Amino acid sequence: MPIDRRLLLNLDWVLLGASLLLCAIGVAMIHSATFSGTNSALYLKQAAVVGLALVAMLTALALDYRRLADRAMLLYLGVAALLVYVLVFGPRIAGTRRWFLLLGLQVQPSELAKVAGALFLAKVFAEMRKDSLSLRDVLQPGAAVAGLMALIAAEPDLGTAFCLVPLFLAVALLAGLRLRAVVSLLVVGLLLFGLGWKYALRDYQKVRIYTFLDPNLDPKGAGYQKIQSQIAVGSGGLAGKGWKQGTQSQLGYLPARHTDFIFSVLAEETGFLGVLFVLALYLLVLWRALEAAQLARDRLGALLAAGLTAVLAFQVVYNVAMVAGLVPVKGLPLPLLSYGGASLLSTWLSIGLILNVRMRRFAN
Amino acid sequence: MRIYEDLRVVQARLALLQNALVVVMLLLAGVFWHLQVLRGRYFKTLAENNRSRLVPIAAPRGPLLDRQGRILVANRPSFNIVVRPEHVEDLDDLVRRLAVLLNVGEAQIRERLAARASPFRPVVIRQDASLADVAALEARRLEFPDVSVDVVPLRSYPLAAAAAHSLGRVGEIQAAQLQLKEFASQKPGDLVGQAGVELQYNRALLGRDGSLRLVVNSRGREVRELDREAPEDGPSLTLTLDQQLQVVAERAFGGRAGSAVAVDPATGEILAMTSVPAYDPNQFATGIDAAAWQRLTSDPDTPLMNRVIQGQYAPGSVFKIVVAAAALEEGLVTPRTALFCPGHLAIYDTVFRCNRPEGHGWVSLRQALAQSCNVYFYQVGARLEIDRIARWAKRLGLGAPAGVDLPHEQPGLVPSSDWKLRTQRVPWYAGETISVAIGQGQVTATPLQLARLAALVANGGHLVTPHLVKAIGSEPRREAPPDEARLRPETVAAIREGMCAVVNEHGTGWRAQLASVEVCGKTGSSQVVASRSKQPISQATMPHGWFIAFAPRERPRIALAVLVEHGGGGGQAAAPVAREILAHFFRETGAPSAPVAD
Chain A
200 MPIDRRLLLN LDWVLLGASL LLCAIGVAMI HSATFSGTNS ALYLKQAAVV GLALVAMLTA
260 LALDYRRLAD RAMLLYLGVA ALLVYVLVFG PRIAGTRRWF LLLGLQVQPS ELAKVAGALF
320 LAKVFAEMRK DSLSLRDVLQ PGAAVAGLMA LIAAEPDLGT AFCLVPLFLA VALLAGLRLR
380 AVVSLLVVGL LLFGLGWKYA LRDYQKVRIY TFLDPNLDPK GAGYQKIQSQ IAVGSGGLAG
440 KGWKQGTQSQ LGYLPARHTD FIFSVLAEET GFLGVLFVLA LYLLVLWRAL EAAQLARDRL
500 GALLAAGLTA VLAFQVVYNV AMVAGLVPVK GLPLPLLSYG GASLLSTWLS IGLILNVRMR
560 RFAN
Chain B
28 MRIYEDLRVV QARLALLQNA LVVVMLLLAG VFWHLQVLRG RYFKTLAENN RSRLVPIAAP
88 RGPLLDRQGR ILVANRPSFN IVVRPEHVED LDDLVRRLAV LLNVGEAQIR ERLAARASPF
148 RPVVIRQDAS LADVAALEAR RLEFPDVSVD VVPLRSYPLA AAAAHSLGRV GEIQAAQLQL
208 KEFASQKPGD LVGQAGVELQ YNRALLGRDG SLRLVVNSRG REVRELDREA PEDGPSLTLT
268 LDQQLQVVAE RAFGGRAGSA VAVDPATGEI LAMTSVPAYD PNQFATGIDA AAWQRLTSDP
328 DTPLMNRVIQ GQYAPGSVFK IVVAAAALEE GLVTPRTALF CPGHLAIYDT VFRCNRPEGH
388 GWVSLRQALA QSCNVYFYQV GARLEIDRIA RWAKRLGLGA PAGVDLPHEQ PGLVPSSDWK
448 LRTQRVPWYA GETISVAIGQ GQVTATPLQL ARLAALVANG GHLVTPHLVK AIGSEPRREA
508 PPDEARLRPE TVAAIREGMC AVVNEHGTGW RAQLASVEVC GKTGSSQVVA SRSKQPISQA
568 TMPHGWFIAF APRERPRIAL AVLVEHGGGG GQAAAPVARE ILAHFFRETG APSAPVAD
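Protein sequences, first through last, are from chains A and B.
Start counting at 1 in the first sequence, then tack on 199, and there's your number in this note's numbering.
Start counting at 1 in the second sequence, then tack on 27, and there's your number in this note's numbering.
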């Protein structure tokens, strides 16, 4: 189906441009972080993946989101099946099973689960058509999302699993869940966390939380990442040390510097001014995404755009806060900036759907 | 037809979310403002400490030169094989591979690693490694990322044992020394002077250490050099020693134990200083091993002792110069006074023998010195009595350190009635004076003190301060103003004449004679056991032979003292050693002209 000219006029070029600019900055920072290492061509790979992700984005743009949402249940089941598949057949790497290979491409079902989960929740809540929802109303969709979360957490990939929490909360809240219910959900969550701490968390995960609270407990071990990231960020100063000039990054003090800690590299090499610029770009992207939700012609569109934005916003805020040493280190990539195909793909799919909602606000 | 849903609740809550997003982003920006702008300097220091490592570069100690500028002590580059254990993952494996590569026992490497003060301190596995070891290691650089070869200056003593005691040695600073003010700028592990000039002038010889700032990566590996502050070499020390004379003096002993010291009589500059047996200071430069140290310290021939300043021997007949000076100055005798020697003297209920049993007949001072007639000095000594002898001995520099610029100089001993009462709580026994008059009994002196005595006669009665250092860097040593003369010119002249006769007029020191230069001297023998002892004659009971001399007779340029331990009479044992030194000094070879009886 060819895209209508009118639709193109309603495309949010600002959101698209800002997202592309963030990707370009990401490629530049990845180059800086890896050019001296054994994998000096990673930035080219990332640029290629951005191209691929744009194709995915266009696909997500071309189909009317309502048609997609009609198949939300199918998508949900498909993603759940993939999550089960990867748990069983995925290669075990560093104790985790997070992706499998399909036609030479890494498929990471947990990333797809965010998009499919958003479609599913938007569809379910859009059809409730009540102004005020009680806890009982959200029990079923909540359980469905918890199922996905459980499968992702089993990989284990707590960071990505946790991303579904803001998704659910945002969609449920917008769909009319009473604030009192939100509060009681948070209380239940805390209780679950307590139980999880006692029975479900592995030792390395507990150590991460302990050392987050006091990184000097183990400055060469688990606290190392936080300390080194803070040093990188802080030593960047106002204007930064210059592209490819960050000592923390270039000399290998920063862990996972081209993936989860790419923002540290940025902060060290471009300083507070660079940080401010990139944060402003993210704010712009997220603001416009929420605007898309506000402009949406129906509840489905609003809930879909808002849910996807909530996931992105949560990842951005958590990752940036982690780099600053505010929250415990978790393997959460920074959308659009971090190296990694799967995250990039799901982010651009989300952006595609958000654009889709805004683009079709007047369409039938 | 479109059916518009009621989206008011959704939109209101979306607006709420939008505002919340702005607030969160502003908070994050605030956090980064705090980290990067407010605390930026703090984190910059941390990043700088992260990436740079300060490596000290040891400044080479100043070299020691002889009076002609020839090298006595220099520094040579040496290679230390160093392990930085900080980042080693499998220390056992590293030790195994190193042991194979360097062909040493694993235990030896482990021992050194175990002895390190902190797990982060680099450990020297091999000092002064051979080029083969260094090449083997460099070829496998990548296999041994935590092992490096450090170039350090090492003290080298080309003369080896020949001047060991005057030059001294270096060694790692000891814990007790670290407390001392003179080692204030030093830190544990530093090489410092431990004897001789190296110790005495330790501070002057130090340079200023430089440093190297390296960029290191997160694994502690050196990435590149950041900057470098070159070390400043210590200033050179020009010594008064003459390298060749030093070597000649050493050889002249031919393996016997003893010591010799030659000074410039006008200035006190020490031209040669030998104490044998000696040790090779090169052994200490890399740290001496326990077994070698044990051998040196337990050797009965005390190779670590500098006999020139620490050997205290009875001066024997050399002391007759002091007694003669005292008698002349006190007016008891004149050069022309003749006393009779029947071969012995019975006094204080004892018979004291002369060295020539048949007697010397009527002898003047000159003959008494030349023939070393004991009876003459018994008589003079008895009339002087001990306290006058002691006073003059002290006036001539005995009984107190000569003030040489070396550590641990001994004072010798000049006995007096006071001294005996004070130390032994018995009065002086007059018979003892007779022994002291010929330099036996309790009187002792170091070779340096007697060389100073020879210099005093040579320079007209002045006590010089013997010293080894002529200049520090380009700064010449400040000469002490000349001492007032200790003797009247007539006294000096009379003694000189006697000393001249000792060598040149059928005296006891004829073996020191030179063809072209008139040598003046005095022999002596220092009894090891009482003369009437019935002990069998053996090497251990043979007396020490003394010879002190100056030359030439007019305007002397050299004064010396030689002691050959258990060498027998000074004329036989010590005079030939002195002659070799003097012959070299005056560029003369050949044997003495006429053998005459002692």
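By construction, these hints were calculated from the structure, which means they are not laboratory data.
Just so we're clear, the structure is a prediction, and the values are computed from it rather than from any experiment.
Any given hint could turn out to be false.
Covered by chain B, according to a simulated footprint, are these stretches of chain A (three or more residues, beta-carbon under 8 Å) [said to hold, decoys possible]:
#	region
1	270 to 283
2	433 to 444
Only pairs whose alpha carbons sit at most 20 Å apart, straight line, appear in this in silico EDC-like list of lysine to aspartate or glutamate [to be verified]:
#	chain 1	residue 1	chain 2	residue 2
3	A	K443	B	E249
4	A	K443	B	D445
5	B	K421	B	E385
6	B	K447	B	E412
7	B	K421	B	D445
8	B	K447	B	E459
9	B	K447	B	D432
10	A	K329	B	D291
11	B	K421	B	E511
12	B	K497	B	D432
13	B	K497	B	E517
14	A	K443	B	E199
15	A	K529	A	D402
16	B	K497	B	E199
17	A	K329	B	D510
Among the chain A residues that face chain B by a calculated CB cut under 8 Å, a handful are [claimed, not checked]:
#	residue
18	D263
19	L267
20	M327
21	P365
22	L368
23	L372
24	L450
25	L480
26	L482
27	L483
28	R498
All residues carry an ideal CB built from backbone N, CA and C; glycine is no exception.
Quick rundown of the hints versus the structure:
For the region 270 to 283 of chain A, the stated coverage by chain B is not satisfied: 0 residues place a CB nearer than 8 Å to a CB of that chain, which falls below the threshold of 3. Here the region 433 to 444 of chain A counts 5 residues with a CB under 8 Å from a CB of chain B, which clears the bar of 3, and the coverage holds. The straight-line distance between the Cα atoms of K443 of chain A and E249 of chain B is roughly 19 Å, inside the 20 Å bound, and the hint therefore holds. Only pairs whose Cα atoms come within 20 Å are accepted, and K443 of chain A paired with D445 of chain B is rejected, the gap being roughly 86 Å.
Taking the CA atoms of K421 of chain B and E385 of chain B, the gap is about 34 Å. The hint is violated against a cut of 20 Å. Restraint check for K447 of chain B and E412 of chain B: the C-alpha separation of about 14 Å stays at or below 20 Å, so the hint holds. Of the pairs offered as hints, the one joining K421 of chain B and D445 of chain B holds, with about 14 Å between alpha carbons and a cut-off of 20 Å not exceeded. The straight-line distance between the Cα atoms of K447 of chain B and E459 of chain B is roughly 11 Å, inside the 20 Å bound, and the hint therefore holds.
Distance hint between K447 of chain B and D432 of chain B is unfulfilled; the C-alpha atoms sit about 30 Å from each other, more than 20 Å. For the given pair, K329 of chain A sits about 118 Å from D291 of chain B by alpha-carbon distance, which is inconsistent with the 20 Å threshold. The suggested pairing of K421 of chain B with E511 of chain B holds, with an alpha-carbon distance near 15 Å, which does not exceed 20 Å. With a C-alpha separation of about 11 Å, the suggested pair K497 of chain B and D432 of chain B falls inside the 20 Å cut-off, and the hint holds.
Annotation: proposed proximity of K497 of chain B to E517 of chain B is violated, straight-line Cα distance about 33 Å (limit 20 Å). The suggested pairing of K443 of chain A with E199 of chain B is violated, with an alpha-carbon distance near 45 Å, which exceeds 20 Å. As the CA atoms of K529 of chain A and D402 of chain A are separated by approximately 14 Å, the hinted pair is consistent with the 20 Å bound. Under the criterion of a C-alpha separation no larger than 20 Å, the hint pairing K497 of chain B with E199 of chain B is inconsistent with the structure, at around 27 Å.
Distance restraint check for K329 of chain A and D510 of chain B: the Cα-Cα separation of roughly 119 Å exceeds the 20 Å cut-off, and the hinted pair is therefore not satisfied. A least Cβ separation of about 14 Å between D263 of chain A and chain B goes past the 8 Å threshold, and the interface hint is therefore violated. For L267 of chain A, the interface hint is violated, since its Cβ never comes within 8 Å of a Cβ in chain B; the closest pair sits about 18 Å apart. Hint on M327 of chain A is violated. Least Cβ distance to chain B is approximately 12 Å, over the 8 Å limit.
At its closest, the beta carbon of P365 of chain A sits 10 Å from a beta carbon of chain B; the interface hint therefore is violated under the 8 Å criterion. Restraint check, L368 of chain A versus chain B: the minimum CB separation of about 10 Å is more than 8 Å; hint violated. Hint on L372 of chain A holds. Least Cβ distance to chain B is approximately 6 Å, under the 8 Å limit. A cut of 8 Å between beta carbons decides the hint on L450 of chain A: the least distance to chain B is about 4 Å, and the hint holds.
The beta carbon of L480 of chain A is not positioned within 8 Å of any beta carbon in chain B (closest approach about 11 Å), and the interface hint is therefore violated. With 8 Å as the threshold, the beta carbon of L482 of chain A comes within range of chain B, its nearest partner Cβ sitting at about 5 Å, so the hint holds. At its closest, the beta carbon of L483 of chain A sits 10 Å from a beta carbon of chain B; the interface hint therefore is violated under the 8 Å criterion. At a threshold of 8 Å, the smallest CB-CB gap from R498 of chain A to chain B is about 5 Å, leaving the interface hint in force.
In the structure shown, a violation is registered for the earlier hints numbered 1, 4, 5, 9, 10, 13, 14, 16, 17, 18, 19, 20, 21, 22, 25, 27, in ascending order.
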